[in-house]
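Student: Fit chain P to the supplied structure of chain V, relying on the hints for placement.
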Amino acid sequence: MAMLHIVNKSPFERNAFESCLNHASAGDAILMIEDAAVGAITKTAFAAKVEAALQDKSVYVLSGDLAARGLSEDRIISGVETVDYAGFVDLTVNNDTTQSWL
Amino acid sequence: MATKKFMFVNRKAPYGTIYALESLEVVLISAAFDQEVSLAFIDDGVYQITKGQDTTGIGQKNFSKAYQALGDYDINKLYVEKESLEERGLTLDDLMELTWEDEDDDYAEKPSIHLVDRAAMSGLMADQEVVISF
Chain V
1 MAMLHIVNKS PFERNAFESC LNHASAGDAI LMIEDAAVGA ITKTAFAAKV EAALQDKSVY
61 VLSGDLAARG LSEDRIISGV ETVDYAGFVD LTVNNDTTQS WL
Chain P
1 MATKKFMFVN RKAPYGTIYA LESLEVVLIS AAFDQEVSLA FIDDGVYQIT KGQDTTGIGQ
61 KNFSKAYQAL GDYDINKLYV EKESLEERGL TLDDLMELTW EDEDDDYAEK PSIHLVDRAA
121 MSGLMADQEV VISF
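Protein chains in written order, with my numbering: chain V, 1 to 102; chain P, 1 to 134.
For reference, chain V alone in the conformation it holds in the complex (with noise of 0.2 Å):
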């Protein structure tokens, strides 16, 4: 049964995200939406987080989110993925569950 968990909060600014990556569980997709997009970049002070999720969940951002907050594509973390709207569809649809971790 996996699940999908769309997180919009700042991994900086609030512990949802981290709780999220604490929670989740093997084979479990993760979504950064809105605020949450920042976490997708490397270089970061939770790139090491996300990244550890990396090993054994799918994890993906909203690529309209990214861009609106300046962040290009091309600094994201290797092996996350980008999504647009239609694409955070089909992660729903394609997974049993979702849990937003507001």
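Be a bit skeptical, because a hint or two may be false.
To be verified - Restraint ranges, calculated between C-beta atoms of paired labels, are given here: (1) A45/V <-> L92/P: 10 to 20 Å; (2) S78/V <-> L92/P: 21 to 31 Å; (3) S19/V <-> A126/P: 27 to 37 Å; (4) D54/P <-> T98/V: 21 to 31 Å; (5) F63/P <-> A86/V: 21 to 31 Å; (6) S133/P <-> G27/V: 33 to 43 Å.
Said to hold, decoys possible - Quick look at which bits of chain V chain P covers, simulated, 3 or more residues with Cβ under 8 Å: (7) 8-21; (8) 44-53; (9) 64-78.
If you are wondering where the hints come from, they were derived from the structure by calculation, not from laboratory data.
Since this is a predicted model, take the numbers as computed values, not measurements.
The beta carbon of each residue, even a glycine, is placed where N, CA and C say it ideally should be.
Tutor: Frame of chain V; chain P shown alone:
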């Protein structure tokens, strides 16, 4: 009207919440009252002034260009905290080039952004008469 030293402290990324836009609006209003205004960008506030913001994918208005106008309102002290940039994998090169024209120096274009470390930022805050945090 007496002039006071105002600092607007920005701590949130743009677009995810309304804080960044509200702060910018209050800053622009404050310019009309001839106060001594400075802006601080700390924590996620540094994302407010990244270059190349493109909001077409999220259906929100891109207000980042409005920061370019601050210089015309004599708001030219934008302090950016070095540690906040570093924690987020960012450098000064990732920020917009924000400038102002110095009419006392033959309208020379000068940078509005000043990179300061956390200790210096703390000192700047201590210097203020009014601090408004967003």
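Student: Between F63/P and A86/V, is the Cβ distance one that fits in 21 to 31 Å?
Tutor: Hint holds: Cβ distance 27 Å, inside 21 to 31 Å.
Student: CB of D54/P to CB of T98/V, is that within 21 to 31 Å?
Tutor: 27 Å, holds
Student: Between A45/V and L92/P, does the C-beta distance stay in 10 to 20 Å?
Tutor: Roughly 18 Å apart at Cβ, these two residues keep to the hinted range, so it holds.
Student: Has the stretch 44-53 of chain V got at least three residues whose CB is nearer than 8 Å to a CB belonging to chain P?
Tutor: Answer holds; 3 residues pass the 8 Å Cβ test.
Student: Go ahead and decide if the range 21 to 31 Å is satisfied by the Cβ distance of S78/V to L92/P.
Tutor: 25 Å, holds
Student: For the stretch 64-78 of chain V, do at least 3 residues have a Cβ located nearer than 8 Å to some Cβ of chain P?
Tutor: holds (count 9)
Student: Is the hinted range of 27 to 37 Å satisfied by the C-beta distance from S19/V to A126/P?
Tutor: 35 Å, holds
Student: Quick check: does the Cβ-Cβ distance between S133/P and G27/V fall within 33 to 43 Å?
Tutor: Because 42 Å falls inside the window, the suggested range holds.
Student: The stretch 8-21 of chain V covered by chain P? Criterion: 3 or more residues, Cβ-Cβ distance below 8 Å.
Tutor: holds (count 5)
Violation of the numbered hints given earlier is absent; every hint is satisfied by the structure.
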